[in-house]
Structures are given as structure tokens and as C-alpha cells.
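Residue numbers (the numbering used here), protein chains in the order written: chain A, 262 to 418; chain B, 39 to 879.
Careful, some of the hints might be misleading.
Taking lysine to any residue pairs in the SDA-like style, the calculated list, with each CA pair at most 25 Å apart, reads [what the hints assert, rightly or not]: (1) K240(B) to L374(A); (2) K290(A) to Q140(B); (3) K389(A) to L220(B); (4) K91(B) to K305(A); (5) K91(B) to V296(A); (6) K79(B) to E294(A); (7) K393(A) to P190(B); (8) K852(B) to E770(B); (9) K545(B) to A489(B); (10) K278(A) to Q140(B); (11) K79(B) to K320(A); (12) K320(A) to K545(B); (13) K286(A) to Y134(B); (14) K353(A) to D333(A); (15) K369(A) to H130(B); (16) K305(A) to T460(B); (17) K290(A) to N449(B); (18) K289(A) to R169(B); (19) K278(A) to K91(B); (20) K369(A) to E349(A); (21) K273(A) to K145(B); (22) K320(A) to N449(B); (23) K320(A) to G133(B); (24) K369(A) to Q334(A); (25) K91(B) to R270(A); (26) K286(A) to T460(B); (27) K181(B) to K305(A); (28) K289(A) to L463(B); (29) K305(A) to L463(B); (30) K344(B) to A402(B); (31) K273(A) to L463(B); (32) K290(A) to K145(B); (33) K288(A) to A489(B); (34) K290(A) to N389(B); (35) K145(B) to Y280(A); (36) K273(A) to E86(B); (37) K305(A) to A489(B); (38) K388(A) to T363(B).
These are calculated hints, taken from the structure and not from any lab test.
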Amino acid sequence: MQFMLLFSRQGKLRLQKWYVPLSDKEKKKITRELVQTVLARKPKMCSFLEWRDLKIVYKRYASLYFCCAIEDQDNELITLEIIHRYVELLDKYFGSVCELDIIFNFEKAYFILDEFLLGGEVQETSKKNVLKAIEQADLLQEDSKPRSTRLHSCVKS
Amino acid sequence: MLNRKGRRWGADACVVGFSGGGVGAEFGDPLRERMVVPSLKLQDLIEEIRGAKTQAQEREVIQKECAHIRASFRDGDPVHRHRQLAKLLYVHMLGYPAHFGQMECLKLIASSRFTDKRVGYLGAMLLLDERHDAHLLITNSIKNDLSQGIQPVQGLALCTLSTMGSAEMCRDLAPEVEKLLLQPSPYVRKKAILTAVHMIRKVPELSSVFLPPCAQLLHERHHGKAVGPPILCFRSMDRRIENRMGTPAHRRMVVHTHRHTRNRLSCPWPPPFTSPTLTPGILLGTITLITELCERSPAALRHFRKVVPQLVHILRTLVTMGYSTEHSISGVSDPFLQVQILRLLRILGRNHEESSETMNDLLAQVATNTDTSRNAGNAVLFETVLTIMDIRSAAGLRVLAVNILGRFLLNSDRNIRYVALTSLLRLVQSDHSAVQRHRPTVVECLRETDASLSRRALELSLALVNSSNVRAMMQELQAFLESCPPDLRADCASGILLAAERFAPTKRWHIDTILHVLTTAGTHVRDDAVANLTQLIGGAQELHAYSVRRLYNALAEDISQQPLVQVAAWCIGEYGDLLLAGNCEEIEPLQVDEEEVLALLEKVLQSHMSLPATRGYALTALMKLSTRLCGDNKAAILEKMPLVERDGPQADEEAKESKEAAQLSEAAPVPTEPQASQLLDLLDLLDGASGDVQHPPPLDPSPGGALIHLLDLPCVPPPPAPIPDLKVFEREGVQLNLSFIRPPENPALLLITVTATNFSEGDVTHFICQAAVPKSLQLQLQAPSGNTVPARGGLPITQLFRILNPNKAPLRLKLRLTYDHFHQSVQEIFEVNNLPVESWQ
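Required output: the full structure, derived from the provided sequences and hints.
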């Protein structure tokens, strides 16, 4: 996978994970164009499109678009499963996840993604293992906070 | 700094210079004035930003907050640094600059607190990139974390390295990662393995570093000791395993693994950080790493071909018995792993007979046993098909793969139809007959509402056209052409035309097809379509009448489609006589007369929709028609030619004339609108424009003869003639009539059309008419339309006399007729009496 973008129906970016080195300017340009392209698609169209020299796989979950760019030899259908698995992980973690959860806890969304994919490849196929890893990391984070601030931490479990 | 109103503080407040404390903690020196800088929590900032009603307001909030953050960074507050950075990362995602946080990432990564590291590494991944040298500064921290950190920290470091690690960093840190590959903790190992994948991508030479551990990883399935005697349940499979695997140690290991997977329910997967036992995560990572190695290094490829049997076994186990339910999706065992293994098998089996053969059975098994009710199963199936098509698989297997794709085409999920169409398109050349079998389904997909699917269906359909199915396919494709989205029209039209060219069963069918395309999608055809069609029609002599008739009808209905108009105009020009002849057995008879044809061409000429090139075609057609059409009783009209310097030298007029000729004979640099209308006026009276050398010049040479001959038309519809006709001769049913025209622009000119008619029972042949006028007048005789007048009112002979009478001398005319009639030679000489005065006054 080259990159994954999450954005709202208004085109606001909620998460961007880049697995290829690009300048900030290039990233912004790509994001802008791709968001436009995907938002222009009609609801009944298929989840795949060809854009520049990449294959784009996207799926809308409620108010969020999950958009991945894969290479020519990659399997589009399994990418859909990757997206779905990520949504399931978010759902399990936040409990009925909605866009607001991802907005207000964007770092958590990144952490979860980083336990599922690494370098653009799937690293763990067990939902349980991923969530366990996050849980343990969250606990560590809790432990490492200074006493006084712990009361106000908002780690959802 | 003063407290800010409206900001929440209390527990949020941090005191600059004070570390680790908060409200309620004891202050060292109660008298010392503390500067309290309240800092927003991340979520509060987000709320505030979202509360902004306008872009400008949002910008204001953010700029204010960034100022705080910058100050906080400057002051070096370690306690809340992670929070400040988190906020900065949020505004960065909204598109605001955040480069001043880069150094803070470094500081956070270097901190010992896990919270700091977590946010710091995240910041590094988002803000640092290999274009800036700053990114190298974290190399040391990563190195430390990799070698000394606790597992979660190692995880963070590996993750960051695999996301943004530059080539330099990868080279530096390869040894650390290599060490981690064989560590006990599966959690760290699986991350290290995938980091190695990234490193190889960045620095291919590192392949040599990571190849040796790879092999071991694959073989290493279980750390623990064998528990109890092995249970050999699948005897034949085990025997096969025994035969394949050499050493007893291997066998033991494999058998034990075998049993392990069967007892999966009694052996739940242990938590990730602690257990040393097998996790599929390692297997998946290992397969991914091996794939990467094989793609980059032929040596690795050769090396790993040896493990094909092992891979086959792993996949077979996965498919038949599976791992635990936590790894499966919709009843398909770990589809991610299956797909990855299939991908590796593809690379290993490519161009390698032996490996391909080894995997044949397994691929067939996966292809037939995978559950296709949900996307996960179809994803595995799809990967299987891709593998089958890419390796040296048996013919039967290939057919199986194509059939799977054919089934995909019928799936209700349009994503599946999409990948099927894309794959079939790749296969249509190499496995043409297998794909042909699915032609009906492909054609159905033309009706897709999603344009990206119908586009692929179109490409595929065009690729499937051959000589046996061309008629049926063309019907479908033409129906598609009528309703397809505009951006596909051009491709569809040219596809149809190309296919028609290659496979047309008959010429007539071919012409019909092209005609249909031109009428349906004329504006979308390529430029050479017109030339191709004219050439095609020209070469099919037996279809000239048919073509011109059909094209005329099409043109009569619609003159907006330029290529159609051009071809039709050309055709009418070439074969207008056939059009007027009226008979064509292939289509219904239609009475078309000259006026209609010419009117139509004139309409084309005048239409604002007609391109210059189209006008050129129309003009040329009209010119051709002027020499081909043969009317009756039409007096030739000379009008509006810019010659009329009757006293002027003929040579000048000739020169002017040939210039006109040169202009008019070219279709391409066609006159613009005003010129066109001048010519139109000319053509109104249907004077043939010059330049067309279809007919030999008339026989009568005279000083201005050439000039006038070029301008002559034998038969044209007469303008209203105020001078009455005159019958000058009658004998045994043979009559001679004169009709007169005095063109208003040229009062010295008199045009007489002599018409010989025959109402007798016998033909008139060898008819010659000669004339003489007084010396003060000039007479030119044009060639007659013929020498024969058939009996009983057959087609008359007409002949044009031009008389120049500048002095308005009284007109006198003597005629001499010779002809054969009733087997007798007739000769008559007489002077015409009762010439109307208007003819010369």
C-alpha cells in the first residue's frame, strides 16, 4: 500500500498515513485531487478506480471515506478486507465508532492502524491480538503519566 | 503573563519551570511569583476549532494556539510537551504549518516516558521526512530503543523506521533489526520482519543481510518441546511430508505442528507480548519478506523455490483445517495470509515448470473449495486466479481460472465484476477461446450503469469479436453505441468501425454498419472514417446505387453529423445519376428529382452547422452534378460570373476564369461564407462552376469559345422567361422549338435553346442542326445533347445557341437541319420567321 487517507464527506482530512516518501506539498496536492475525485463518485459505482498510475480502493462508512492507494499487482478485493478490518478494530476500540471519535482521538486511530499495518503491509491478522497490543500500550501510557494528570486522561477502553 | 479569561485551567494549568506537579502539589516557594500558562487539552482545542464558524475564525484560533505551543516549546516544558505536540499534529492535519515541532519530536522520542515516545514517534512519522536532514537525528534514538527498549517501545521504533526510514537510516539500523528478527517475542519479531521488508525496498543490497534469517523463520514453527506421542491422523499426508522432508527432526517438527493446528480449540493464542510460540503474524511477515526478496534478487528466487512444497503444505493446511476463528473472515481462514502465500507462489512458479507443477493441485483445490459467498473468499479466489494465469499451469487449470472469472461476472457485487472484467481483459489475447465462452456474460455487462465497468466491458467485447460472431456482436455494440455515456462514444464508434473492417461478412453489411455508426455517433468518429468509407463505397461498384440511395436518405433526415454529411455529399456527387435513375432493387424505390438533390446540397452548403471541409464536399458534389445530371428543357444560364467585360480582351477573362477554376476545384481551401453565397447565387441558376473537366469541351471553337464553354451548362432549369417560345419547324411529327433568354445583366446576350422533339412512330437519328446569323451578330453553337430523338415523345435533343448582339441589330436566324427519319434522309433549310422583338431589342 502506498498511502491511506480518511476524509469526511465535506473533504476534511481525518487521518493520513503515507508509506512512500513525498514532500508536504505533494501530499497536499495528491490529497486534494484524490478527495475531489472520490467525492465526485456516485453511490452506486464500484469501489475501485484508476488514478494516475495507482489503483485506488475506497469505501464509505457512515460519514467517513476510507481510501487506499495500492500498486498494480496488489489485490483490490483483499484491500477492501483490510479497510474493513481497520474499521472493525476502530469499532471495537471505541465502541460503535463514529467520525467524532476519530476526530477527537486521532492519535489513537494512528496507533491502532500502526498495530494492524506496518510499512504498508498487514502485520497481524488477529483482531484480538491487535486490540490486546493497544490495550497494553494504553496501560503503559497510563502508568507513565504523572500522578496528577491521570485523573483527566481520557483513554477509552 | 496573565491568566486568560475563558480558558479552562485548574488541573490543566501547568506552571512553567515546575516539573511533575499540578494543582494541589506543594510549591517550593509560595512567595515567588509563578507564571501560569494554561494550556488547552487536545480535545478542548479540537472542540474550539470545530466551534469556529468561519475559516477566518478557525485560523485565528489556530494561530493563537500555535503561538502558545511555540512558546511552550521555547520554554522547554517537558511535562506537557507531548500534549503540545499532539495539538500541533492535529492542526497539521488541517493543513497548517507545523515544522517548528520537528525538534520536539526528537526530544519526545528521547524521553523515557512511554507517553512521550508514543506521541514523539507519531510526530516523527507525520512531520519528519527524508528530504530534510533533521530526520537523521532520530537514528540514534531509534537505535537505542531497538536495542534497549521494552517491547512496546521497540514496536514504536520499528514502526517509525518502516514508515519514514530513509536509505541512510536503514543502512545504519540494519544490524539492530536483524538481531530482532530472531528474538523470542513474536510481537517484536513480526514488526522486525516487516521493517526488514521496508529496508530492502529502500536499500536492495540489504537483501543479503535478511535472506539467511528468512529461511530459518520459515522453518521455525514451534519453539516448544513435543508433548506426548505424535498423533498421525492424516497418514497419507504425513507420509508425503515424510518423503519430502529429509531429517527426522524436521518431520517431528512438522508432525507436531500438524497436531497443534488440529487442537486449536484447546490452545488459544497467547497474549502477544509474552509467548514464544507460533503466531501466524510471523508467518505472514515471513512470507511477505520472502516475496520481497524474491522480487528483487534472482538468487533469492532460486533459493526459495526449494520451499514451494512447504508453502503448498502450509496453504493446504490453512484451507482444509484453518487456524483459529479469530483469524478467519466469513468462514475463510486467514484470507490475508492465504493471499500472501498465493502471491509468493505466483512469483516462485513464474517461468518455472517444476514449481508450477508442484502447486497445480493445491491451486485447483483452493479454486474449488473456497467459499464465494463473501468478499473475503472472493479475494482469495481472485488471487488464486491471478496466480494460475501467471505460472506455467496445466491447460485445464487455466480454463478453470477463466471460468471463475466468468462466474465473477455474474456476481451481484459490482466490485467483483470489475476485477473480473479487468482480469479477462488481460487474458483475452493469451486465452482467447476460454474467454470467448463467456462472451454472452461480457456483453451483458455493457448494460452496467457504472461507466468504469461498461468501459471495460466494451474493450473486452471488442476484443472478442471474430468472424463467426461479428453480426451478433455488432448488433449489441451498435445498441450500446446508441445509449452509452458520451465519453465512451468515440471508443465505441472507432471500435465498431475497426471490427467491421476486419470481419465484415459482406460489403453491404459493412457499408450499413458504417452508415449506422455515422448516423448514431457521427461526431465521435475519427477523421479517417470519412476517407475509409468513401474508399470502401468507391470500390464496391455493385453497391453504388444502394449506397447513394441510403446516404441520400440519411442526409435528408439530418445534416448535422459532419462525417455523414461529407460522405453523403461525396457519394451524391459521384453517383447522383444513379440516385436519380430511381431504381435500386435493394431498397424501396424512391423518386428523387434533381431539384431535391440540389436543394439538399444547397442546404448543407448554407447550414451554419457545416464545417468548411463539409462545405467543400458539398461544393465539389454540386460541381460534379452539374456535368452529370441531365434534365430537359433547361436553358443554360450564365450568371454572375465576374467576366462581363464584353469589350475587354478575352484573354483577361480567361485568366480570371481559370483563377476561379483553380479556386473552386479545391475542396479544402474552401471559400468563406460571402464567397459561398456568391457562388450560391451562381449555382441558383445552376451554372456549373469551372474547373471540372468531366466532359470534353464543345466542338465549336471561337475566340471566346473556351471561356464560354467552361461556363456552360447543357441543361438547367430555366429562370422565368418572359420571351415566349417559338415553334419554328414541324415535319411528320418532328418539331423544332426555340426558347429565348435575355439575361438582365448582359443585355447584349441572347441565349436560344433549340429543342427537337419527336412524336412520330419512327426514331430520328443523326440529327444535326446548324445556324447562321447576320454579320453584325456573333453566334456560338454548343454541342447538342445528342443526335437521336426516340419515337413517341422520347428524350428530346437540346442545343444551346449563344448570340451576342451588342448593337441591338434586328435578329435574323437561318437554320439547317439534317437527320434520318423513317429510313429517309431529311434536309431542311429555312429562315426563322416571327422572331420575337424582345429577343434583340
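A quick look at each hint next to the structure:
Of the supplied pair hints, the one linking K240(B) and L374(A) holds, its CA atoms being roughly 22 Å apart against a limit of 25 Å. The straight-line distance between the Cα atoms of K290(A) and Q140(B) is roughly 22 Å, inside the 25 Å bound, and the hint therefore holds. As the CA atoms of K389(A) and L220(B) are separated by approximately 24 Å, the hinted pair is consistent with the 25 Å bound. Taking the CA atoms of K91(B) and K305(A), the gap is about 33 Å. The hint is violated against a cut of 25 Å.
Taking the CA atoms of K91(B) and V296(A), the gap is near 23 Å; set against the 25 Å cutoff, the hint holds. At most 25 Å may separate the alpha-carbon atoms for a hinted pair to count; K79(B) and E294(A) exceed this at roughly 33 Å. Of the pairs offered as hints, the one joining K393(A) and P190(B) holds, with about 12 Å between alpha carbons and a cut-off of 25 Å not exceeded. Restraint check for K852(B) and E770(B): the C-alpha separation of about 21 Å stays at or below 25 Å, so the hint holds.
A C-alpha spacing of about 33 Å is found between K545(B) and A489(B), which places the hinted pair above 25 Å, so the restraint is violated. Restraint check for K278(A) and Q140(B): the C-alpha separation of about 18 Å stays at or below 25 Å, so the hint holds. For the suggested pair K79(B) and K320(A), the alpha carbons sit about 32 Å apart, so the restraint of at most 25 Å is broken. This hinted pair does not check out: K320(A) and K545(B) have alpha carbons roughly 50 Å apart, beyond 25 Å.
Proposed proximity of K286(A) and Y134(B) is supported: the alpha carbons are some 12 Å apart, at most 25 Å. Straight-line distance between C-alpha atoms of K353(A) and D333(A) comes to about 32 Å, which puts the hinted pair past the 25 Å bound. Simply put, K369(A) and H130(B) have alpha-carbon atoms about 16 Å apart, close enough for the 25 Å limit, and the pair holds. Note on K305(A) and T460(B): the hinted pairing holds, with a Cα-Cα distance of about 19 Å set against a maximum of 25 Å.
For the suggested pair K290(A) and N449(B), the alpha carbons sit about 36 Å apart, so the restraint of at most 25 Å is broken. Between the alpha carbons of K289(A) and R169(B) the distance comes to roughly 16 Å, so the proposed pair stays at or under 25 Å and holds. With a C-alpha separation of about 28 Å, the suggested pairing of K278(A) with K91(B) is violated against the 25 Å cut-off. Pair hint K369(A) plus E349(A) holds up; C-alpha atoms about 14 Å apart against a cutoff of 25 Å.
This hinted pair does not check out: K273(A) and K145(B) have alpha carbons roughly 30 Å apart, beyond 25 Å. For the proposed pair K320(A) and N449(B), the alpha carbon gap of about 19 Å is at most 25 Å, so the pair holds. Taking the CA atoms of K320(A) and G133(B), the gap is near 23 Å; set against the 25 Å cutoff, the hint holds. For the proposed pair K369(A) and Q334(A), the alpha carbon gap of about 31 Å is over 25 Å, so the pair is violated.
For the proposed pair K91(B) and R270(A), the alpha carbon gap of about 18 Å is at most 25 Å, so the pair holds. For the given pair, K286(A) sits about 33 Å from T460(B) by alpha-carbon distance, which is inconsistent with the 25 Å threshold. The hinted pair formed by K181(B) and K305(A) fails the criterion: a straight-line CA distance of about 49 Å is larger than 25 Å. Straight-line distance between C-alpha atoms of K289(A) and L463(B) comes to about 34 Å, which puts the hinted pair past the 25 Å bound.
Distance restraint check for K305(A) and L463(B): the Cα-Cα separation of roughly 23 Å lies within the 25 Å cut-off, and the hinted pair is therefore satisfied. For the hint linking K344(B) to A402(B), the alpha-carbon distance of about 21 Å falls within 25 Å, and the restraint holds. Between K273(A) and L463(B) the CA atoms are separated by roughly 37 Å; this puts the pair beyond 25 Å, and the hint is violated. The suggested pairing of K290(A) with K145(B) is violated, with an alpha-carbon distance near 30 Å, which exceeds 25 Å.
With a CA separation close to 28 Å, the supplied pair K288(A) and A489(B) exceeds the 25 Å bound. Restraint check: the Cα-Cα separation between K290(A) and N389(B) comes to about 41 Å, which exceeds 25 Å; the hinted pair is violated. Restraint check for K145(B) and Y280(A): satisfied, since their Cα atoms lie roughly 24 Å apart, inside the 25 Å limit. Straight-line distance between C-alpha atoms of K273(A) and E86(B) comes to about 16 Å, which keeps the hinted pair within the 25 Å bound.
The hinted pair formed by K305(A) and A489(B) meets the criterion: a straight-line CA distance of about 11 Å does not exceed 25 Å. A hinted pair counts as satisfied when its Cα atoms are at most 25 Å apart, and K388(A) with T363(B) qualifies at roughly 10 Å.
Against the hints set out earlier in the document, violations occur for numbers 4, 6, 9, 11, 12, 14, 17, 19, 21, 24, 26, 27, 28, 31, 32, 33, 34.
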